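Enquirer: Taken in sequence, the protein lines are chains A and B.
Going by my numbering, the letters in the first sequence line up with residues 1 to 309, in that order.
Going by my numbering, the letters in the second sequence line up with residues 1 to 251, in that order.
Take every hint as true, because none was put in to throw you off.
Pair ranges (Cβ atoms, derived): (1) A:71 <-> B:233: 38 to 44 Å; (2) B:124 <-> A:141: 38 to 44 Å; (3) B:168 <-> A:123: 42 to 48 Å; (4) B:129 <-> A:116: 40 to 46 Å; (5) A:276 <-> B:77: 54 to 60 Å; (6) A:123 <-> B:241: 37 to 43 Å; (7) B:241 <-> A:308: 36 to 42 Å.
Don't read these hints as lab results, they were simulated from the structure.
Remember, predicted model here, so these are calculated numbers, not experimental data.
Yeah, the Cβ is synthetic: ideal placement off N, Cα and C, and Gly gets one too.
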Amino acid sequence: MTAEALLARDVRKTYTARRAPSVEALAGVSLVVHPGERVALLGRNGAGKTTFLKIASTLLAPTAGTVEVFGHDAGGHPDEVRPMIAVVPQEGKPFFHLTPREQVYTYLRARGFAREEAKSRTEDSLGQMGLLEVANRLSITLSGGQRQRTMVATVIATEAPLLFLDEPTIGMDPFARRAVWESLRTLTRRGSTILLTTHYLDEAEALSQRLYIIERGRVLVDGTAATLKQEIGGSLRVSIPGGGRLTETVQTFGSVLVDGGTLHVITSPERLPELMALAVREHLSATVGPVTLEEAFLKVVGRSIDTEE
Amino acid sequence: MATVTRAPFRGLVAFSLTELRVQLHESTSIVTSMIVQVVLLVFVAILARDLLPVALFGAILFSMFALGQRVQNEAAFVRIDHKLNELYLAGPLAPEAYFFGMSLGVLGAYLAPIGILVLITYAIAGISLTTAVVLLATATGVWLFASSFGYFVSSLFRDMRTIWPYASIFYSMFGVLPPVFYPLGYWPAPLVPVALALPPSAAAALVQSTIGWATLTPWEVAFAATALVLEGLGTFVFAIYWSRRTVREDA
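With these hints in hand, go ahead and build the complete structure from the sequences.
Expert: Spelled out as structure tokens, the structure:
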């Protein structure tokens with residue numbers, strides 16, 4: 001396999017409606033996903049992640065630009081692409097009146113798997129997602145997290161060459177999220193490629209080998225979580241709620257970010273005592289922690305990932 | 001990677017069986033699907049017992065027509081609320097297999113109560129071989145039209161709440177108001193061509209003609225039969241086209 005798993009060039013999407021202004025959801029997204037990679041699209045709600053995923057998975061036509069999946073044009077020849085992909089839709093739910101076992105099995109059958117193969121993959125996938133205990137209960141009786149796990153189980157059972165997962169762990173408890181992460185790692189070890197969207201920074205950091213930060217329909221930066229964190233200069237984050245008035249004063253300590261009313265200073269351990277003393281003098285509280293992807297995101301985008309557009 | 005293309009109707013049987021399972025788990029809906037027909041039959045039995053054979057055949061045809069409403073609601077619900085169209089259509093399953101498989105699955109699940117209705121009709125009114133053939137042919141035409149039309153209508157809405165009122169209007173206007181449960185002779189004469197043009201009442205007129213409850217000229221028989229075939233096949237072909245076109249949500 002020589003072609004890239006996914007190659008997007010200058011993808012644009014503008015939504016037009018009769019009685020509403022046009023909305024530019026994607027303003028020229030270019031990215032590449034190599035075969036066998038796990039790549040995350042990271043961005044705030046409304047940044048354009050889902051729109052891009054829908055275009056890449058042939059469910060939406062771009063206004064301009066091209067997307068190739070293993071060398072096949074997703075826009076021009078979607079029928080060539082669809083057998084190679086599987087999608088967990090954002091906020092998708094299994095059939096309420098199927099059990100998880102039926103959902104996974106019948107989906108595999110609809111994709112053309114033979115009975116025995118479908119049965120074997122179903123049990124394996126349900127086991128990975130921790131659903132065996134509820135495998136024979138109708139999905140309508142399951143919790144939101146269990147339904148989401150059923151959706152993920154349905155798609156990972158395909159082991160399709162390219163998997164798109166749109167916010168795959170939303171609504172899941174921490175244990176379930178980790179189970180999903182482990183399953184996705186296993187899948188890429190077996191040769192699948194994964195492109196996922198998330199607004200969980202820890203998920204992007206733990207799971208993706210590379211990530212793209214998207215904001216307002218544009219890719220602002222790409223790299224690994226480690227390189228993004230290194231680039232912000234400093235290993236400690238000092239957060240000072242209500243510290244906006246100190247913005248000028250703390251410039252010499254390192255990178256300064258203001259999110260809402262909170263001042264974040266990325267600094268080194270050597271400068272920490274001085275900075276804490278300054279906060280105390282100003283009668284402000286301060287919290288200290290290691291730099292995370294959250295600070296990298298804040299620096300790149302200028303706003304927290306939880307901030308709504 | 002080698003090119004793998006989708007064959008037409010790829011995955012039809014498997015997706016039909018998926019939908020059949022979904023429907024069979026909703027046994028209450030299958031039972032309640034007969035309420036309108038049973039209530040109308042009770043009314044007819046009380047008010048005009050001699051019309052019961054006509055009403056029974058009409059109930060069978062109406063039941064086939066009502067399957068379209070079921071397809072409409074199912075297709076809309078799994079698309080709007082569950083986003084399952086994205087799961088299934090971004091894959092090797094052919095879009096026309098998704099549409100027609102859903103229709104076949106619904107048909108399979110609801111065959112049992114319709115079969116009971118046929119048995120009751122046989123017991124009360126009798127069904128000759130000719131009538132059985134006409135009934136089967138017209139019921140198939142009505143089902144094909146209604147399922148295809150229902151799938152098409154389902155794709156026009158973004159909110160389940162806006163679908164329900166339209167569904168009631170369509171199915172009352174097509175299935176209850178025209179002469180499906182009552183003889184064509186009771187329908188205003190100037191509007192007979194309309195009744196013969198609408199699939200459920202065209203089917204009912206042909207069946208009523210076969211059992212001696214309606215007198216149709218050869219031209220009227222040809223008109224009703226042609227309308228039913230064209231509307232059934234026409235909407236089916238259109239629904240295939242539409243299912244392919246609407247894989248992309250902004251197409």
